[in-house]
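Each protein sequence line maps, in turn, to chains A and B.
With this note's numbering applied, the first sequence has no gaps in its numbers, which climb one by one up to 574 at the end.
With this note's numbering applied, the second sequence has no gaps in its numbers, which climb one by one up to 374 at the end.
It is worth saying that the hints were derived from the structure and are not from the lab.
We put the beta carbon where it would ideally sit given N, CA and C, even for glycine.
Any given hint might turn out to be false.
Pair by pair, the computed Cβ-Cβ distance ranges are [claimed, not checked]:
hint	chain 1	residue 1	chain 2	residue 2	range
1	A	Leu231	B	Ser174	28 to 34 angstroms
2	A	Tyr65	B	Val40	27 to 33 angstroms
3	B	Ser152	A	Leu231	55 to 61 angstroms
4	B	Arg60	A	Leu250	29 to 35 angstroms
5	A	Leu231	B	Glu176	55 to 61 angstroms
6	B	Ala27	A	Phe70	53 to 59 angstroms
7	B	Val40	A	Leu257	36 to 42 angstroms
8	B	His143	A	Thr341	35 to 41 angstroms
9	B	Arg60	A	Gln245	34 to 40 angstroms
10	B	Ser17	A	Thr384	51 to 57 angstroms
For reference, the chains in residue letters:
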Amino acid sequence: MDELRQSENHLTLILSLLVGALVGLVVVAFILLTGRLAARMYPAGGAGWRRILVPTLGSLVTGYLLWRFFPSARGSGIPQTKAALFIQDGRITFRTVAGKFLCCSASLATGMALGREGPSVQIGAGLASVIARNAGLSSKQVKALVPVGCSAALAAAFNTPIAAVLFSLEEIMGDLNATVLGTAVLSSATSWMVLHLVLGDDPLFHVTGYRLINPWELADYAVLGIVGGLGSTVFVKLLLILRQRFAQLPRQTVWLQPVAGGLTVGIMGYFAPNVMGVGYSFVEQVLNGDVVLKTVVLLGVLKIIATSMCYSSGNAGGIFGPSLFIGAMMGGAVGSIAHTLFPSVTAGPGAYALVGMGTAFAGIVRTPLTSVIMIFEVTRDYTIIVPLMVSNLIAYFISSRFQKVPIYEALAEQDGVHLPTAEARAQAGRSQVAHAMREAPIILAADTPAYEAQERVKDSLLNAWPVVDQQGLYGMLRSAELEKAPVNGYAAKNVRDLLNEQSRNDPLHLESAHVHPDHTLSLALERMGSSGLRTLPVVSRANVRQLLGIVLLDDILDFFGVHQSADESETEE
Amino acid sequence: MAKPASGLSLLRTFSLTIAAIAVFFLIDTVLVRTEKAESRAAAARAYENGMRLMGQGRYVDAAGEFEDALALARENLTYTLALAQALLAADRLPKAEATLSDLLQRDGTGGAPNLAMARVLAKEGKFIDAVSYYHRAIYGRWTSDAARNRVQARSELVDFLVANHSTEGLLAELLPLQQEALGDLATQKKLAFAFIAAGSPARGAELFRDIVRREPQDPDGYAGLGEAEFARGNYRAARANFEAVLRLRPSDAASRQRLNLSNQVLALDPAQRGLSREEQYQRSLKILELAVASATECLASPMSATTRDLIDSANNILRKRTQPTRQVEAMDKNMQLADMIWQIRRSECGATSQTAIDLVLSRASQ
Numbered sequence: 002m003d004e005l006r007q008s009e010n011h012l013t014l015i016l017s018l019l020v021g022a023l024v025g026l027v028v029v030a031f032i033l034l035t036g037r038l039a040a041r042m043y044p045a046g047g048a049g050w051r052r053i054l055v056p057t058l059g060s061l062v063t064g065y066l067l068w069r070f071f072p073s074a075r076g077s078g079i080p081q082t083k084a085a086l087f088i089q090d091g092r093i094t095f096r097t098v099a100g101k102f103l104c105c106s107a108s109l110a111t112g113m114a115l116g117r118e119g120p121s122v123q124i125g126a127g128l129a130s131v132i133a134r135n136a137g138l139s140s141k142q143v144k145a146l147v148p149v150g151c152s153a154a155l156a157a158a159f160n161t162p163i164a165a166v167l168f169s170l171e172e173i174m175g176d177l178n179a180t181v182l183g184t185a186v187l188s189s190a191t192s193w194m195v196l197h198l199v200l201g202d203d204p205l206f207h208v209t210g211y212r213l214i215n216p217w218e219l220a221d222y223a224v225l226g227i228v229g230g231l232g233s234t235v236f237v238k239l240l241l242i243l244r245q246r247f248a249q250l251p252r253q254t255v256w257l258q259p260v261a262g263g264l265t266v267g268i269m270g271y272f273a274p275n276v277m278g279v280g281y282s283f284v285e286q287v288l289n290g291d292v293v294l295k296t297v298v299l300l301g302v303l304k305i306i307a308t309s310m311c312y313s314s315g316n317a318g319g320i321f322g323p324s325l326f327i328g329a330m331m332g333g334a335v336g337s338i339a340h341t342l343f344p345s346v347t348a349g350p351g352a353y354a355l356v357g358m359g360t361a362f363a364g365i366v367r368t369p370l371t372s373v374i375m376i377f378e379v380t381r382d383y384t385i386i387v388p389l390m391v392s393n394l395i396a397y398f399i400s401s402r403f404q405k406v407p408i409y410e411a412l413a414e415q416d417g418v419h420l421p422t423a424e425a426r427a428q429a430g431r432s433q434v435a436h437a438m439r440e441a442p443i444i445l446a447a448d449t450p451a452y453e454a455q456e457r458v459k460d461s462l463l464n465a466w467p468v469v470d471q472q473g474l475y476g477m478l479r480s481a482e483l484e485k486a487p488v489n490g491y492a493a494k495n496v497r498d499l500l501n502e503q504s505r506n507d508p509l510h511l512e513s514a515h516v517h518p519d520h521t522l523s524l525a526l527e528r529m530g531s532s533g534l535r536t537l538p539v540v541s542r543a544n545v546r547q548l549l550g551i552v553l554l555d556d557i558l559d560f561f562g563v564h565q566s567a568d569e570s571e572t573e574e
Numbered sequence: 009m010a011k012p013a014s015g016l017s018l019l020r021t022f023s024l025t026i027a028a029i030a031v032f033f034l035i036d037t038v039l040v041r042t043e044k045a046e047s048r049a050a051a052a053r054a055y056e057n058g059m060r061l062m063g064q065g066r067y068v069d070a071a072g073e074f075e076d077a078l079a080l081a082r083e084n085l086t087y088t089l090a091l092a093q094a095l096l097a098a099d100r101l102p103k104a105e106a107t108l109s110d111l112l113q114r115d116g117t118g119g120a121p122n123l124a125m126a127r128v129l130a131k132e133g134k135f136i137d138a139v140s141y142y143h144r145a146i147y148g149r150w151t152s153d154a155a156r157n158r159v160q161a162r163s164e165l166v167d168f169l170v171a172n173h174s175t176e177g178l179l180a181e182l183l184p185l186q187q188e189a190l191g192d193l194a195t196q197k198k199l200a201f202a203f204i205a206a207g208s209p210a211r212g213a214e215l216f217r218d219i220v221r222r223e224p225q226d227p228d229g230y231a232g233l234g235e236a237e238f239a240r241g242n243y244r245a246a247r248a249n250f251e252a253v254l255r256l257r258p259s260d261a262a263s264r265q266r267l268n269l270s271n272q273v274l275a276l277d278p279a280q281r282g283l284s285r286e287e288q289y290q291r292s293l294k295i296l297e298l299a300v301a302s303a304t305e306c307l308a309s310p311m312s313a314t315t316r317d318l319i320d321s322a323n324n325i326l327r328k329r330t331q332p333t334r335q336v337e338a339m340d341k342n343m344q345l346a347d348m349i350w351q352i353r354r355s356e357c358g359a360t361s362q363t364a365i366d367l368v369l370s371r372a373s374q
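The following block holds chain B by itself, in its conformation from the complex:
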């Protein structure tokens, strides 16, 4: 058993203990500093390796390097973001999402992590969440080159909306993007196409006209303008632009196909300017004939009574000759009947790829 100590021995014990605390505090501080410095250096090396591997397209290996870097410098947001981006590129989406969730808990307003999360969610097909994160990225905090990054984020959002055929909200993204992206030809082209997809071909045409004015030898500008005019129903203007494309780039099969379609529409459409009444009437008969032929070909027999009646009526009209004085009235009836038969055909047989009759009837029904 220890002997009772005097106050002096207690004082000495306290002094020694406190001195030991001070000494070990110093030792620990030195050890921690050394370890942190070494860890930081090793983490930086791993990060550089990871970036190099990313550049070589070795995303899985890069993710491994970034994980090593993060194990050494856990709080480093750059490494975390790099890891998430590598995981995204390597299609390891759940882990990328988990990594970004963790990162966003620490840096919820950062533009870059929000953009990366939006990309992950977009790839996972989570449409609403992805759009939300794109918005957070657009309005988030960017440490450098904020304007360009915001345009990039909004531009990606526009692409995502176009790819998902989401015209709702697309125009709302395009209008600010048009303001921000002025001067950038590639973005303008993308914008113009997006305006067409968003149901605003007039704005698209306007942008393409500007592009054509600035780059008269750019076939893409004419192709885009052709698409915009086509979408607006200006088939004559569309034809002129597709012809311009083929002059600059004769091998452009897509533009040739659009040119043919424009010519077919122009040859079929009774509403084209400068046509005589007789010509308009003949075109309406042609449309009715095409509609009946297409429907008879695809509809299974026996047809329903209604459909049978409509086709019988159409055949009667096609067999009879109408008086010139009643051709205007007959033309309207022909177009209505053709439209009804075409609608039945579409609902029963499914939509076909864009055809001249489809375009003409759609325009006539507007």
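Chain A on its own, in the form it takes in the complex:
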């Protein structure tokens, strides 16, 4: 075990497998439990009064539990997971996980018009965090394991292992090139395998074959993209406005607020039972072409209102599932009209409903790549890709135009949490060493005698200087080594000897003591910290011994607008 502890990679891999299996099983239990309870709480064809009473009482009970015991389990779970990842070193407590499981099960079982995927993600991330912390991993490793739990959860909740990985990277991490890709894939695959072991090979939605009837049909999908983009914007804005209004109510009412959502969904459910709960069974009907235009339009509108009310009033549950429901309704409506107008050149409404799901998801959650892959995984049909991309990107563009801040960031901001946005991360990515580097003012030849080197650098403010030999950069000679030379009797030695001595004393620092022009400035700062140098050589990627220049700590600070004079820095030192 101690050996395993030493090998971080092996440990992370093993934990990824364990997290994948456990999260998969827990999420399956969560889904089955909510499904069975919901079937008993408000059975199909049951009395109408029951559909009002159950969500109202359910929201009252869960509202109290959330207020009294599990305040972190409120809402979707995705903003909370991101906050934990970026702000709290990946720390999610077991209490939050247990609360999320309990409250969401109760909330969804009593018919709240919310989704189960977001809570699953938080449960998965929480379990990964708990396991990692109990295993004594460093905070960096804990943070690395959180997205692993997310992808495992989504793979089990939605039966789409590839989209689960992409969602974790695109939405949770905000970086498709994140280093956790391998472990996320591993846990997603493990979770998916467990799901199939328990439930069998049963896709989430059973849809009939999809096909593009005519290339002109892409115009219809473009229209769907516009409708999806506008619908997504309306949904997000309504949800955020309502949530803001609820937040302005007296704090004493927090435990009672969820009842507003429960009562709303109950009254709607009295007349339109399909608006209650996750609603995937009705989505499947629409996907299979059972579309009555008035019904899908009505349910789409009701779901937007119901989900906004349920979520903003503080019930536990996500918006991932409702996004798909709303999208399917919008797609079904557009498809129904298109098929009525141009029956010979358009597919049935079911195909549009399918694309509509991805479209709304791209518009609401703003993860266009995940939405394309997710629908592709659901249908397992390659021909859907092009219409899906057309529709998704239009919806994404419109939604971004009218609602600048993506929903999960906006929700976190309402809670006073500022998550790093994709833009901020892109900005950080744009700050490269090339923007702050300069030519080296002093370059020492490797065969320069130590005393001569001391003479050359005596007026320099740098604390290290590049040393070159005939092949190029030989190393960075630190001022401390040079100053020690006369004391240690090395005055007769040359710079190469000093560097060799330096590398014997500190063999690790040399490996990290360089940067490339395309490295980020934050990496340069990290390397300065690990090497103890305030001056790093900038070398070519094609030839690491080719010195291109140097980058100084002061130059980096200047680049970020933190002006610091050399004198000040010397004083601090």
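We have chain A already, so just place chain B on it with the hints.
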């Protein structure tokens, strides 16, 4: 930040995680079993409701019940087939076809789904595809009562071919069906009629004779035998059988009409046995006269020169008296001329319903 854990705490974490995996695996297994059992029971109830509604002719409602059953037990082939059959009965053909396509992907050799698909395609008017699926049903796998189901499928195919006037291939289906369906009187009657439609009235007559022998009081047997003999050109035998039908079922208008037609043919046909040369000649003149009258009545004037010449020639013949010694030669000419005029009349004015002159000229030209 978490403190570095000892190997022992790592071991404890692993143990706890694995124990949690085992516990949740058990929980999930129990939940899945419970859910599956409940789903199966609910699906069976919905299926029974659907079958009851099918029996009441409420096909749309039945389809809804079968859909509910399928939503709970997606892999159940029986429910899928029942849904397709309900959709077919409710005339929701595209959905029935889609449902069956899905079913056939899972059970491509099943006799019942192939037969249902053939029925859907037949109703959609997709002739070639329908025939293909009928064949798949005939040679497909039937879980119970395979022989009877195959006969049923082939019998439906025969009906479909007859309804579509497709004599090509009909005989090929009838011959094996005759072997398989022996003893079943209703099927034999259908077979015998199909043999007539397939252009093999002799086989039809043979079957009907067998039926009449077994059921001497069955007017349908005599009617069928009358049709078979009629189709063979045995108008005398046909007349006898239609008379037998009318004795057993005097109100049978169709048989009375066929009897009249048989009598007209027998009264007009110069090729009937036992006629004198003079009588044969007179009948040929009568036929020529009827052909000219019918053509003159329907053809628009002015007629084409050829038609005019033919009718003029016919009128000349009808006006002249031919020597008894040349009556045989004249009779042949009369029949040829009548046939030519009749052909022009048919092409210009369209085919009429079966008439005596039509039948006589057709027979004479064979």
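Evaluated hints:
1. At about 55 angstroms, the CB distance of Leu231(A) to Ser174(B) disagrees with the hint of 28 to 34 angstroms.
2. Look at Tyr65(A) against Val40(B): about 32 angstroms separates their beta carbons, and that is inside 27 to 33 angstroms.
3. Between Ser152(B) and Leu231(A) the Cβ separation comes to about 57 angstroms, which falls inside the hinted range of 55 to 61 angstroms.
4. Look at Arg60(B) against Leu250(A): about 53 angstroms separates their beta carbons, and that is not inside 29 to 35 angstroms.
5. At roughly 59 angstroms, the beta-carbon separation of Leu231(A) and Glu176(B) lies within the given 55 to 61 angstroms, and the hint holds.
6. Our hint of 53 to 59 angstroms for Ala27(B) and Phe70(A) is violated, since their Cβ atoms are close to 25 angstroms apart.
7. One distance hint, 36 to 42 angstroms for the beta-carbon pair Val40(B) and Leu257(A), holds here, with the actual separation near 37 angstroms.
8. Separated by about 37 angstroms at the C-beta atoms, His143(B) and Thr341(A) satisfy the suggested range of 35 to 41 angstroms.
9. The beta-carbon spacing between Arg60(B) and Gln245(A), approximately 54 angstroms, falls outside the hinted interval of 34 to 40 angstroms.
10. In this structure the hint that Ser17(B) and Thr384(A) lie 51 to 57 angstroms apart at CB holds, the actual value being about 52 angstroms.
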